[in-house]
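**Q** Turn these sequences into a full structure, and let the hints guide you.
Below, each chain spelled out in residue letters.
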Amino acid sequence: MVDHPPTTPNQPAARRHLQPADLRRLRHLLFSSRRAVEGRFAGRHRSKQHGRSVAFTDYREYTPGESLADLDWKVFGRSDRLFVRIFEHQSDMTVHLVLDASASMDYPRDAGQAHARKFDHACRLAAAIAFLTTRQQDAVGLVIARQGLPQMIRPASSFSHLNAILDAMEQLTPGGTAHLAEALSGLAGIASRRSLALVFSDLLEDREPILHALAAFTHRGGEAVLFHVMHADELELPDLQDAVFLDSETSHRVRLNVPDIRQAYRRRVREFLAGWQSACRVRGMDYNLVSTATPYEKVLERYLFGRASLMR
Amino acid sequence: MISFAAIALNSSGMLVGLSLLALPVIAHLIRRHARRQLVFPSIVMLRQSAAEPSGFFRPRRWILLLLRCLAVMMVVLAFAQPSWREPVAHAGDSAGGTLVVVVLDVSASTAAQIGGVGGATVLQRLSSSVERALGSSGGPDDRIHLVLAAHRPRQVFSQATANVTAVQAELASLRPSAERADFSAALAHAGMLLEQHAGGGPRQLVFASDLQAENLSGLPPKLNLPPRTRVTILTPDAAPKDNMALSEPTVYPASVQVDRPAQMTVIVSNFSTASRSIRVNLLLNDTPAGEQSLTLDPHQRREVAFNVRFDRPGLHLAVFAIDDDALAIDNRAYLVVDVVQRTPITLITDENAASPTTAAYFVSRALTPFGDQRDRFEVHRLRGDEVTTAALRDSAVVVLGETASLPVEAAGALARYVQQGGGVILFGGQSAASQVSSLRAIDPRLPPWSLGGREYFEVEPLFIAAGQWRSRMLREFDDPAQAALEQARFTRVWSISDVQPSAEVLLHFNDATAALIAMNVGYGRMVAANFNPSPSDSNLAKYGIFVAMMHSLVRDAQPPRTARRGVLVGEPLLIEASPFVETSGPLQVRGPNDQLMRDLGYTRRVDVATAHVARAAQPGFYALEQAGAALALGYANVDPRESDLRRIDAAALERFFASSGATARTQAGAETALPRIERPLWGWMFAFALAAVGIELILLALWKR
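So the protein lines, in turn, are chains A and B.
Take 1 as the starting number for the first sequence in the numbering used here and just add one per residue.
Take 1001 as the starting number for the second sequence in the numbering used here and just add one per residue.
Just so you know, these hints were derived from the structure itself, not from any lab.
Honestly, I wouldn't trust all of these hints.
Facing chain B, from chain A, some residues (calculated, C-beta under 8 Å) [claimed, not checked]:
hint : residue
1    : Y59
2    : T63
3    : S67
4    : Y107
5    : L204
6    : D206
7    : E234
8    : A243
9    : F245
10   : L246
11   : V254
12   : P259
13   : I261
14   : A264
15   : L273
The structure displayed is predicted, hence computed values, not measured ones.
Quick reminder that beta carbons are idealized off the backbone N, C-alpha and C, glycines included.
**A** Shown next as structure tokens:
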């Protein structure tokens, strides 16, 4: 891990979804892909490409006529044989932030609730990752999944680009349905082969189409990370008795006595979450359950530290 | 108090709090419908959860409602003061149900209103006490008898009943009678019922009475009760003791003549602890006929007299009345006055009444001087062997003169005549001794004395030297009349002996021997003289004073009350219509308050129709009617002994029962009477309520988790 203090003069000020002060603890962390990435520029991340970098990977026999610059003379001195050193190519990383902007993410709608709105929580998380990515001079882009038509901000690595991403988040009002599978399929079609897709969604749509779309992405060498954003009320029903629940997307309603169904609902939720977790694990995707009850910086910290420990 | 088997609720009025059960029910219903609207990200999983069989959860609300209702109910029951009652077991009691015999006083005095006019009656209080006492009984084998103590004891249920509800309904429907209670008979009957109790279970006697001293003074020395009988004496608290009453209405003379002065009297009694001023009214045939005011000291009684004249013959209804007080039933006294044109007199003699040498002649002349309608009296002559009950029925007075013999039948008719309210004047004479013997053989009380042999005073004839000039018979004899009577000389008189102790000597001869005696016998009266008005025995008949004497004798011989027409409430009443001429239509009797009486017996003999009222249940007039016309009248008055409301000491009554082998205790007012062990249950009720609340809280906590 290399300590790269921020040198970019354009460090953004605090924004609605971005509080750099919250991310102070994460300044030493590198957010990178666990897979080899394929970027246009040299960067800090492993790449399947070969090239010059400080990362030595292997030896091969010298072929007469090659340049003598890569000969390992120490090995010749020991063995009287000529071997050439091969170095790992390091490239920059492209991160695609896929943000679910459906109506179900707009919960709760009442101001003054104990926990943050799901969409805001997702945006803060996404903004934080965008900031970290930009700071380490990697490219980050934004895909907004709403009504199935993805709004897309192509990846770039400047702070002004980050501001554009933040602007887009702030101007966005969740509504309608996400059609996340369509958005991911669309992303898979245009993203570079080995890039990182971070999905911020409540995943309340059919699982298989989404996984299929993500699989199409990962099969091309990319990495997918799911941040399953759920409100605390979705994980544990609020303390109500009789209530009429209106679906935020379909406007369907159901009358319930909450205590009556609490246990069954809890069971259902566990099954739902376990289903996603298991499906992601099987497909080699990172799955992170994000509750609005947990501050986003804690979520990110936990994720990045965990991710960093896996990459040693 | 309400009882459910062995559990009694002492404050059953608190059960109104059960209406609070509406609160959890209303809350349950409101909560069912109170729904908050919430926009939720997705209701898919909610729907899936709701579709699952809820098993235990759906009935959960009902369980909570049940627990809350149970808690409210337990709290309300706790305030109703429930208690567990079980009979006290005594040593020697066998297993088996308890027989409770209730002797309830329904005499006239129980109509007294507690707290003044308009208050509850003593009987209502006693009935309530008995109801509460019976409410504490509840064993399935327990049985109850109810005996009403009145003129004759009345057993309400033919068999001992376990139906407490029926007994309580009977108690609620009871009204005080107008009769005097015969407690000796009632308690004897109760003893018999207790003796008959099969099974050997406990026996209890509940004696509910106002403990009127007059009623209880006639108890026998000892009562026959089964051993180990437990007696509970129930008395009302605060029963009234003060009372004003009317009694013994009379008219003098008993056979009142048209346009002749008569005197109507009534006894006014002050059974109070303070002096009372009172106004007595007399109504004749519903018309005010007089009013008098008087003041009586505590426990003083006085005769109040009204001078009246009747302007027509026939039966007249007289009512004496005072203002109603706490016991109103004795504030009226009823009397039927038989007013005649001429007083019928029967002269029993075998003498020739036309011969001036006979006593019959002079007696007839003294009574009917004109020999026509102008005479005040109408004299019928009968020979000694013609005397029958029917022949004497309509006579106001019978004069028994010389007869050859007095057959047994005749003597019996005469005796009955006197006993049933007739008046007989008996003169001395040759046949007097045998007449006296014949009468004595029928009724030892008749006549006032025994007559012996004739005594002669021809040298110094006897004369009337002294008399009870203030008596009713002689009070009209002023000094000249007395002097005139002294002029009569009696040369022959009859010796007398065996003078009845209750006889009153009205006239004395100068030798201090009795000349004229009067005595009440049964309902009637006998006046006996040991002289004879025949010229051969005295010259009395030659004097005009003899006429006055005869008139006075006739007037005095009539008993002070026409008992043939009047009885005390509770006694049988005979109403005779004579002469009776059969017409179309049934005979019927209309009682007081104008109601027709049922189940009566009627007899018809020659020219007499009689209605037999087995029990005159109410005070007032009873009319024997046919075809809408009243043929004869009778009346009944409250027994004056019911008017004195003074009570005996309950401890004395307890001793009386104890002397009969029973254990007795007295309870007054609203306490339960039957000995029971009472275990309060309200603590348990509160505990149950807290348990219900605790279970609810535990379930809520578990379900929330």
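**Q** Hint by hint, say whether it matches the structure.
**A** Verification of the supplied hints:
With a cut of 8 Å, the hint placing A:Y59 at the interface with chain B is violated, because the nearest CB-to-CB distance is about 57 Å. This hint is violated: A:T63 has a C-beta 63 Å from the nearest C-beta of chain B, more than the 8 Å allowed. Annotation: interface hint on A:S67 violated; nearest CB of chain B at approximately 61 Å, more than 8 Å. Hint on A:Y107 holds. Least Cβ distance to chain B is approximately 5 Å, under the 8 Å limit.
With a cut of 8 Å, the hint placing A:L204 at the interface with chain B holds, because the nearest CB-to-CB distance is about 5 Å. Interface hint status for A:D206: violated, as the beta-carbon distance to the closest one in chain B is roughly 11 Å, over 8 Å. Hint on A:E234 holds. Least Cβ distance to chain B is approximately 6 Å, under the 8 Å limit. At a threshold of 8 Å, the smallest CB-CB gap from A:A243 to chain B is about 5 Å, leaving the interface hint in force.
Evaluation of the A:F245 hint against chain B yields a held restraint, the C-beta minimum of about 4 Å falling below 8 Å. Using the Cβ-Cβ criterion of 8 Å, the hint placing A:L246 at the interface with chain B is satisfied: the shortest such distance is roughly 5 Å. Because the beta carbon of A:V254 sits about 5 Å from the nearest beta carbon in chain B, less than 8 Å, this interface hint is met. Against a cut-off of 8 Å between C-beta atoms, the interface hint on A:P259 holds, since the closest Cβ of chain B lies about 6 Å away.
At about 4 Å, the closest approach between the beta carbon of A:I261 and any beta carbon in chain B falls short of 8 Å, and the interface hint on this residue holds. With a least beta-carbon distance of about 4 Å to chain B, the hint placing A:A264 at the interface is held under the 8 Å criterion. The closest approach between the C-beta of A:L273 and any C-beta of chain B is roughly 11 Å, which is over the 8 Å cut-off, so the hint fails.
Violated hints, in rising order: 1, 2, 3, 6, 15; the structure is consistent with all others.
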